[in-house]
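Residue strings, one per chain:
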Amino acid sequence: MSTSHDKDDMSRRSFLAGGTGLFTSMWVAAQWPGIAAAAHHADDAASSPTPVGFNYFSPADAADVEAICTQIVPSGATPGAREAHAIYFMDHTLATYFAAAAPDYSKGLGDFQAQFRTAHPQTASFAAADSESQIAFLKTVDRTPFFETTRMLTILGMFTSPKYSGNYQGAGWKLMGFVDQHAFTPPFGYYDREYTGFVPYSGGKA
Amino acid sequence: MTTKTFKPGEMVDFVVVGSGAAGGVMARELSQAGLSVLVFGQGPRLGAADFEHDEFKYFFLSGITVSPAISPQTFRKTPDAVATRSPGMQPALYARLVGGSSNHYTANFWRFHEIDFIEHSVLGGIPGTAFADWPITYQELEPYYTKVEWEVGVSGLADASPFDPPRSKPYPMPPLPVKSSGVLLERGARKLGLHPFPAPMAIASQPYRGRPACVNCGFCMGFGCEARAKSSSLYTSIPEAEATGMCEVRSESYVYHVDTNAKGRTTGVHYFDGAKRSHFQPARAVVLSANGAETSRLLLNSTSNRFPQGLANSSGMVGKHLMFNQGASVHAVFEHELNEYKSVQVTRILHDFYLSDPKRGFYGGGGIDARMNPQPAIWAMSQGGDLPRWGADFKARLEAFPRSMVSAGHSTSLPLESNSVSIDPTLKDAWGIPAIRVTYKDHPDDLKFARFLQDRSVEIMQAAGAQKIWRDSVEENTAGVHLLGTCRMGNDPKSSVVDKYHRTHDVPNLFICDGSSFVTSGRGQPTMTIQALAFRAAEHIGRFAKANEI
Numbered sequence: 001m002s003t004s005h006d007k008d009d010m011s012r013r014s015f016l017a018g019g020t021g022l023f024t025s026m027w028v029a030a031q032w033p034g035i036a037a038a039a040h041h042a043d044d045a046a047s048s049p050t051p052v053g054f055n056y057f058s059p060a061d062a063a064d065v066e067a068i069c070t071q072i073v074p075s076g077a078t079p080g081a082r083e084a085h086a087i088y089f090m091d092h093t094l095a096t097y098f099a100a101a102a103p104d105y106s107k108g109l110g111d112f113q114a115q116f117r118t119a120h121p122q123t124a125s126f127a128a129a130d131s132e133s134q135i136a137f138l139k140t141v142d143r144t145p146f147f148e149t150t151r152m153l154t155i156l157g158m159f160t161s162p163k164y165s166g167n168y169q170g171a172g173w174k175l176m177g178f179v180d181q182h183a184f185t186p187p188f189g190y191y192d193r194e195y196t197g198f199v200p201y202s203g204g205k206a
Numbered sequence: 207m208t209t210k211t212f213k214p215g216e217m218v219d220f221v222v223v224g225s226g227a228a229g230g231v232m233a234r235e236l237s238q239a240g241l242s243v244l245v246f247g248q249g250p251r252l253g254a255a256d257f258e259h260d261e262f263k264y265f266f267l268s269g270i271t272v273s274p275a276i277s278p279q280t281f282r283k284t285p286d287a288v289a290t291r292s293p294g295m296q297p298a299l300y301a302r303l304v305g306g307s308s309n310h311y312t313a314n315f316w317r318f319h320e321i322d323f324i325e326h327s328v329l330g331g332i333p334g335t336a337f338a339d340w341p342i343t344y345q346e347l348e349p350y351y352t353k354v355e356w357e358v359g360v361s362g363l364a365d366a367s368p369f370d371p372p373r374s375k376p377y378p379m380p381p382l383p384v385k386s387s388g389v390l391l392e393r394g395a396r397k398l399g400l401h402p403f404p405a406p407m408a409i410a411s412q413p414y415r416g417r418p419a420c421v422n423c424g425f426c427m428g429f430g431c432e433a434r435a436k437s438s439s440l441y442t443s444i445p446e447a448e449a450t451g452m453c454e455v456r457s458e459s460y461v462y463h464v465d466t467n468a469k470g471r472t473t474g475v476h477y478f479d480g481a482k483r484s485h486f487q488p489a490r491a492v493v494l495s496a497n498g499a500e501t502s503r504l505l506l507n508s509t510s511n512r513f514p515q516g517l518a519n520s521s522g523m524v525g526k527h528l529m530f531n532q533g534a535s536v537h538a539v540f541e542h543e544l545n546e547y548k549s550v551q552v553t554r555i556l557h558d559f560y561l562s563d564p565k566r567g568f569y570g571g572g573g574i575d576a577r578m579n580p581q582p583a584i585w586a587m588s589q590g591g592d593l594p595r596w597g598a599d600f601k602a603r604l605e606a607f608p609r610s611m612v613s614a615g616h617s618t619s620l621p622l623e624s625n626s627v628s629i630d631p632t633l634k635d636a637w638g639i640p641a642i643r644v645t646y647k648d649h650p651d652d653l654k655f656a657r658f659l660q661d662r663s664v665e666i667m668q669a670a671g672a673q674k675i676w677r678d679s680v681e682e683n684t685a686g687v688h689l690l691g692t693c694r695m696g697n698d699p700k701s702s703v704v705d706k707y708h709r710t711h712d713v714p715n716l717f718i719c720d721g722s723s724f725v726t727s728g729r730g731q732p733t734m735t736i737q738a739l740a741f742r743a744a745e746h747i748g749r750f751a752k753a754n755e756i
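Taken in sequence, the protein lines are chains P and Z. Residue 1 is where the first sequence starts when you use this note's numbering, and the numbers rise one by one after that. Residue 207 is where the second sequence starts when you use this note's numbering, and the numbers rise one by one after that.
No lab work stands behind these hints: they were computed from the structure. Quick reminder that beta carbons are idealized off the backbone N, C-alpha and C, glycines included. Not one of these hints is a red herring.
A few chain P positions that, by computed beta-carbon distances, are all more than 10 Å from chain Z: (1) Gly53; (2) Phe54; (3) Pro59; (4) Ala60; (5) Ala62; (6) Ser106; (7) Leu109; (8) Arg117; (9) Pro121; (10) Ala127; (11) Asp130; (12) Glu132.
Under the rule of at most 25 Å between Cα atoms (straight-line distance), these lysine-lysine pairs were calculated in the BS3-like manner: (13) Lys283(Z) to Lys634(Z); (14) Lys752(Z) to Lys213(Z); (15) Lys647(Z) to Lys283(Z); (16) Lys174(P) to Lys263(Z); (17) Lys174(P) to Lys674(Z); (18) Lys163(P) to Lys263(Z); (19) Lys353(Z) to Lys706(Z); (20) Lys397(Z) to Lys565(Z); (21) Lys634(Z) to Lys482(Z).
For reference, chain P alone in the conformation it holds in the complex (with noise of 0.2 Å):
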């Protein structure tokens, strides 16, 4: 019999250390538990441009994981996850596709958010933390299921394609500097430009 924990932590291994070897690079086990009550889903949802509400977080919670969120790729002069909408692309698969792996998130949010109360009484959430705090916080957790999923749920929310709510206009894609184009013509890239042809090698074949 699994504990919650023993979920939490199989599914924490299942999509970082699952893959190995040759498979790492791309067919890594980067999938989630939630997604075997959920694979299909049909998605159509998506993609206002300016998603009013959120379907799976409260007001409160959103705050703070957007917080967390715009830690793991913070805003500046490139956009972050909070200009890609990464919160949006979380709201909207953890209310569809990751919705049966979505009460252990929230334990696991309910957990950072007591954790965090904790070591700092005085301030309101951790969304109202200013940005010093919060990366020393995030620090002591940054090794948790939790913190993992939620940089996980981050990565995809920031560099998937817009129509899962995420990747707000491309901007995660514009950071990455990928294009995402049904055609391109070589050269494709810097150091191909100038490829003057396979030399043949002497003496052919060995």
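Start from chain P and add chain Z according to the hints.
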């Protein structure tokens, strides 16, 4: 084009279970030989317009792959452990749609070398393994490799590698345009005295047999091709089989039991249609090409009074010797932009370390390729070495995406009887059919060689001038997309499942041809060899059918 539709219950010459790399070729060859063929595919039939640039869907929501929601599997490392259900990516991962995993493969299409078929004789046995020679040689398979290159469509440069095995014909298409990753791998490797060469890819570099050339969109590995340039069965062998008027491809039709009669011959298959209604399809003969996991499951689930331990399993070898291949990647960041998200996965490879060298103290051989980064989200999740995981430094790391590439090693897995596909004692799928249980633990030599190859990748990237390099961890496999060895070929019915013509030793009109037929793992990139085997097997099976020997 009007394709054939068989009447319910109409007898056919062949039922082919599976429509992927092997099943497609089998259907094409048998139907072109004038035999009636009914192909069954578990999943839906999609077309180019159905495929999307959607990393989340394809890598996180089981977009076209076997889904934990309806086709769950379990995993354990060793036979004495209790297997647990795999929550996300399934341990035996394959694409579940017409065309099978040939839809989402990377399309690396190097041939196996002569040594792969005779390595046991050359090196001797390896204690604790089922290391063995194949019952066929490279020379016997060579004409069929050539057939794959021309009939299916492979781009490449013949004899560019000093290590290439002999070939009877050049490639039908030139290599795809080189990418910056290829240029850098070539630069680094040549400095070290190695021999990189243009990668053979099953992707059209120019219009080929009614299909367009690749448009360099960058969504190959894990995705279905939106341009029809990837030489997937969906775009090649399957429509060519249907064009004969002798072949029907029945999608969303899930074969769950192979029927046999009192004489020990197969009479056909039981399958579920899309509405989960069960039907029986009679056939003169059955060919299983359902992949190295599903073929074994189907046999093990097809028990009867005569075959209590599963069909074609008098040897007890069905499902045994599962091999995933090993390998290890290195990430490298350079000064200028590579923009690896454009175009195909791989444009340069090298085979300098293909041979196992006893002087290393462990068995193993492999190839290295230069390849694009994973798609953006998975690349961002990468956590190797001292990489920053969050904060301003993490953000800066993300901005290096266009300047990054991967050097990936691909290597051997030894055949171990304890690594297997078996039937989970309790878990059933959405149709109530007992599920796949994967048992897998790499041989220590497989891990040692993967690390050896990773060290070579590091050296090559350093020689190419990388500014930063990090390694993916080399760990025991807990999942695989190369599903090999589980119904191995052999001359001895006591230690193998099929003979050299892919006929099962136990059931004279039951044939198996897919990754399960492999005796050893090669050095990765098995689909080329799966298809060469399928062309060869189909020629013999068609001959048997015409001679009334099925």
